[in-house]
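Peer 1: Protein chains in written order, with full-length UniProt numbering: chain A, 1 to 332; chain B, 1 to 316; chain C, 1 to 509.
These are calculated hints, taken from the structure and not from any lab test.
Heads up, some of the hints might be wrong.
[As the list claims (entries may be wrong)] Here are the simulated DMTMM-like cross-link-like pairs (lysine to aspartate or glutamate), alpha carbons at most 25 Å apart as the crow flies:
no., chain 1, residue 1, chain 2, residue 2
1, C, Lys347, A, Glu212
2, A, Lys156, B, Asp292
3, C, Lys201, C, Glu404
4, C, Lys347, B, Glu68
5, C, Lys201, C, Glu125
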Amino acid sequence: MTAVETTAATTGHRTVTGRLWWRPDRAGTPIVLALVLIVGSLVFGDSFASGRNLGNIALDSSYLLLIATGMTFVVLSGGIDLSVGSLLALSGVLTAYGAQWGTLTAVLLPLAVCGVIGLVNGLLIGTAGIAPFIVTLASLLFARGLAFAVADEGNKVHLIPADLALTRLGQARWLGLSAPVWFALVVFAAAVVVLNRTRFGQSTFAVGDNLEAAGLMGLPTARVRVLVYVVSALLTGIAGVLVAAQTQSGLPTIGEGRELEAIAAVVIGGTLLTGGAGSLAGTLAGVLLLKVIQNLINQVGTLTSYYQQVVSGTFLIVVVLIQSRLTRRRMR
Amino acid sequence: MTGTRTARPDVLTVLRGGGVYPAILLLLLFNVAFTPNFATLTNLRLQLVQVAPVAIVAIGMALVIGTEGIDLSVGSTMALSAALLPLYLGYGVWPAVVVALLAGAAVGIVNGSLVAFGHMQPIIATLGTLVACRGLALVLADGRLAEMFDPVLGTLGNDSVLGVPISVLLVLVVTGAAVVAVRRAAFGRRLLAVGGNRAAATLAGLPVNRTLVTVYVVSGVLAAAAGVLSTARQGAADPSSAGLLIELSAITAVVVGGTPLSGGRIRILGTLMGALLMQLIIATVIQHDLPDSTARMLQAGIIVAAVYVQRGRSRA
Amino acid sequence: MSIPALDVRTVSKHFAGVRALTDVSLELFPGEVHALVGENGAGKSTLIKVITGVYRPDDGEMHYLGEPAAFAHPRDAQTAGVSTIYQEINLVPMRSVAANLYLGREPVNRFGLIDFRRMHREAGELLAGYGITVDVRRRLGELGLGVQQMIAVARALSTEARVVIMDEPTSSLEPREVDLLLDVVALLRRRQIAVLYVTHKLDEVFRICDRVTVLRDGRVAHTGPVTGTSRLRLVATMLGRDIDQIRRHGATTFGDHRPAATGTPVLRAEGLTRRPLLDGVSVEVHAGEVVGLAGLLGSGRTETAKAVFGADRLDEGAVTVDGGSARRWNPAAAIRSGIGMVPEDRKAEGIVGDLSVRDNIVLAALPRLTTAGFLSRRREDAIVDTFVRRLRIKITGPGQRVRELSGGNQQKVLLARMLCLHPRVLILDEPTRGIDVGAKAEIQALISELATLGLGVLLISSELEEVVEGAGRVLVLRDGALVAVLHDDEVSEARIMREIAQASEGGTA
Chain A
1 MTAVETTAAT TGHRTVTGRL WWRPDRAGTP IVLALVLIVG SLVFGDSFAS GRNLGNIALD
61 SSYLLLIATG MTFVVLSGGI DLSVGSLLAL SGVLTAYGAQ WGTLTAVLLP LAVCGVIGLV
121 NGLLIGTAGI APFIVTLASL LFARGLAFAV ADEGNKVHLI PADLALTRLG QARWLGLSAP
181 VWFALVVFAA AVVVLNRTRF GQSTFAVGDN LEAAGLMGLP TARVRVLVYV VSALLTGIAG
241 VLVAAQTQSG LPTIGEGREL EAIAAVVIGG TLLTGGAGSL AGTLAGVLLL KVIQNLINQV
301 GTLTSYYQQV VSGTFLIVVV LIQSRLTRRR MR
Chain B
1 MTGTRTARPD VLTVLRGGGV YPAILLLLLF NVAFTPNFAT LTNLRLQLVQ VAPVAIVAIG
61 MALVIGTEGI DLSVGSTMAL SAALLPLYLG YGVWPAVVVA LLAGAAVGIV NGSLVAFGHM
121 QPIIATLGTL VACRGLALVL ADGRLAEMFD PVLGTLGNDS VLGVPISVLL VLVVTGAAVV
181 AVRRAAFGRR LLAVGGNRAA ATLAGLPVNR TLVTVYVVSG VLAAAAGVLS TARQGAADPS
241 SAGLLIELSA ITAVVVGGTP LSGGRIRILG TLMGALLMQL IIATVIQHDL PDSTARMLQA
301 GIIVAAVYVQ RGRSRA
Chain C
1 MSIPALDVRT VSKHFAGVRA LTDVSLELFP GEVHALVGEN GAGKSTLIKV ITGVYRPDDG
61 EMHYLGEPAA FAHPRDAQTA GVSTIYQEIN LVPMRSVAAN LYLGREPVNR FGLIDFRRMH
121 REAGELLAGY GITVDVRRRL GELGLGVQQM IAVARALSTE ARVVIMDEPT SSLEPREVDL
181 LLDVVALLRR RQIAVLYVTH KLDEVFRICD RVTVLRDGRV AHTGPVTGTS RLRLVATMLG
241 RDIDQIRRHG ATTFGDHRPA ATGTPVLRAE GLTRRPLLDG VSVEVHAGEV VGLAGLLGSG
301 RTETAKAVFG ADRLDEGAVT VDGGSARRWN PAAAIRSGIG MVPEDRKAEG IVGDLSVRDN
361 IVLAALPRLT TAGFLSRRRE DAIVDTFVRR LRIKITGPGQ RVRELSGGNQ QKVLLARMLC
421 LHPRVLILDE PTRGIDVGAK AEIQALISEL ATLGLGVLLI SSELEEVVEG AGRVLVLRDG
481 ALVAVLHDDE VSEARIMREI AQASEGGTA
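Just chain A, with the same shape it has in the complex (with noise of 0.2 Å):
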């Protein structure tokens, strides 16, 4: 072990964030994605790389990258969000319920919601001290059994008028895209700013990678935990707008298995599920391969949408295990 480090001073011109955003070990989310991408153009050929079905993925991606963005947050602050499918049913029929009173309450009555859970959330963990996964869960529950309560039991599907500035909105497309995917984009990049560029930002890094440490350092801690959360929650209240925007309608029962879906993306981007390293920038690349593989899954005409699901539990554990072993030899 070296005593006093002799590598040379440095003024410093090039930025941590471009350093730490590429590593060889993160670029291979990218470069499978690329691979899988060709894969599925020569094998499929236009049935996938078609401009209407990359529209689809795009649109398809664009719901799970917003949660997926505020997973990021949250397993880099060291925690875990399972609430977030339950989220989305729950902002969705919200919207819907909400649309009666015009696009203002539409948007607002489940972003409201949300972000109380969120908080909620947030408290337990950060202030209180319980485990993330057992809270999430329990608001798992809570929000389904709350998304049901507003849609009478599942009895009732609220639906959102074709006339109302909401579904125009949500059904508009520019540039070939439709509006939900440059609302996420939207969103990322600024979630890309506050990540990279803010102090909430960088103490939700110090804070996943040792709670302890970060508040002896004075950093605020318990509010950085908390925020993440709401952060969370907001974003996946925002997919739920866009989807019920989209389908006209809010339905209880949506989002069931999404919140692992989107710990895959986060993980498959390559941030640590013990949080402290990772990129939003991983997180992109996590949402598309994963969101390009099911397409795939559904172009093979003999598989069932049930295999969506084989996959994508098998491909967690995979990604996981391989990383796990990297950080571990790196370690040592």
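Use these hints to put chains B and C onto chain A, whose structure you have.
Peer 2: Then chains B and C, alone, in the frame of chain A:
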């Protein structure tokens, strides 16, 4: 501030230790007083029969939690076992049951190996198998509900011996075996040592990995058994709804029963009582005509409250 | 004298009925390095935590820069100018050096976004001021512990600190790194900063401290200038002993037992290699002999112990007991072959706190007490009874939780766990660290007694006197390699230190 801090642990200690027993008593008294037709033999039997699958799963869960782990895949394992039953019923009931239990063991081996040899966090490993197994169950059953009219299976699900339903007897047997295993068997001691301090268990020469794999196998087999039981009772295998969210009920039962999530300590009887308490709460809600969604939200609240009360212990 | 930067007045704190601090007062003046010493459990950490706002005192008050002050959180203390440097480096290893220096107060541009360019430039300049040259964009965890500790100091100072609390900052540093750190402490004094220097190393007290406060059992046992206080007086105050008594007894309670090692060794470990920590270390232990393992922290002492016991995977090397070995060498195989080990980190690797004393003692003996998977309570109790009496373990009953015992009694439980296996060789890694004086003496005497009875002991200790007085043969390690084997008369503190010093000059890491 300091005054309340010193006073609080005492109340919490009571709640943690045996809070589940007075809670059950209170709820029973409430129901006897205010719920019509509650204190009938038929109703009490119904409650016990209904709690049986959760209780069995919860006992497996308690053992896993004792090793500082968690098994989220139990519900999917139930579904997998339910999906397999009708497929192998042609070879006879017992071969089919054996296949179902073996599937549970296989899931347990996968979970246990990922945790023990793969050094994966139990939450993630079992979250992966949760999704994969549910998918597998749906693939096997092609997503459809399969009705079964097998007399033996019907007996298993609905008949009684000396007035006690068979499923309740099974719960008692599993509970007894678990109590003996934890208190008197070397396996139980290993399990507690692994959960309490894994490094110390390794340095004491204990077979840590084998213990971990075994405990997940036990949990998997018990979940599969619960799957057989609920399938037998309903006379139909429904892989899309069987065991859905039962992991939550099981974890709640374990925690409400006084087992800390931090590992190293297990309360089997408490777990059984925890399962019973949750069942009673849901029954109360339903019998007072409150909707299912309310029951869910209530359960969420109880989970958080139970863990919150437990929390002080893991910190100390 | 000027007004104190920090003035702690008759502070008391208790936890669940146990008094951790009683009427503790402490004055810290600007430009003063004030040593805080005391045995484990004397209340040093509690006092720091009360000062920095982790705990709230039950009684008493604190004045900071002449004003009454009570910090609700370490953050408040830091903002006010009271910085703390902890024993374990409390930084975030996966973030860059610069991020660690500026976390929570990063320079921002006019949009409120972090200005990384400025942050890196300032970080480089800041560290250069302390003579540290390092790429500030590297991950902190990739650097050596010494540099990390210096960065922790730099961080603490860059917050305009008026008071700096250092909690055993040198405990994991090498001598060269210690020199560097002490230079920085001297720099602080010149800058009129008040330093509270918590340590257990008397050398450092006499080297850089102006005044010293001794805590014992949560009370101030002594406060005064360092000059004019003798080392022996200080030790005596810390231990709460009569000076004459210490002189008469010597430092340890090992017997005179030092038989020459003869015949075939019981334990033979050859060429143990685990890169980069261990490089071809060979160890032999004969029956009835105590072999000492000396070296600095990080020299490979603990790694050697773990390698012999099969706890770590090895790149090369073989361990044989009585000429035989096992196909897969792991702790279970080592125990079956007759080796026992009491690990260094009692809490993390030794006790299972939630289990009873009984369960802890028989833990390693489980396979031997099991019939058809079931345990015999009668046989368990017989073993527990024997060892509780023989080692004089103070417990309320065999069912008591180990967590509730004192450090010394926990250590005895771990010894019992291994002794009940009737081992041929016992590896003891720091068996007396962090336990009270009485238990320490008992364990030292026990080691001699066990050797007399024919047990081979491999003794690791960071206290040289323990190795010198306890062992008949001493192996000296440096940078993971064996550099000297000292026999009988060659064994002395001076000689061991010479071997270590000589060695470290030879290799510049």
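Peer 1: Hint by hint, work out which the structure violates, then give me just those numbers in ascending order.
Peer 2: 3 and 5
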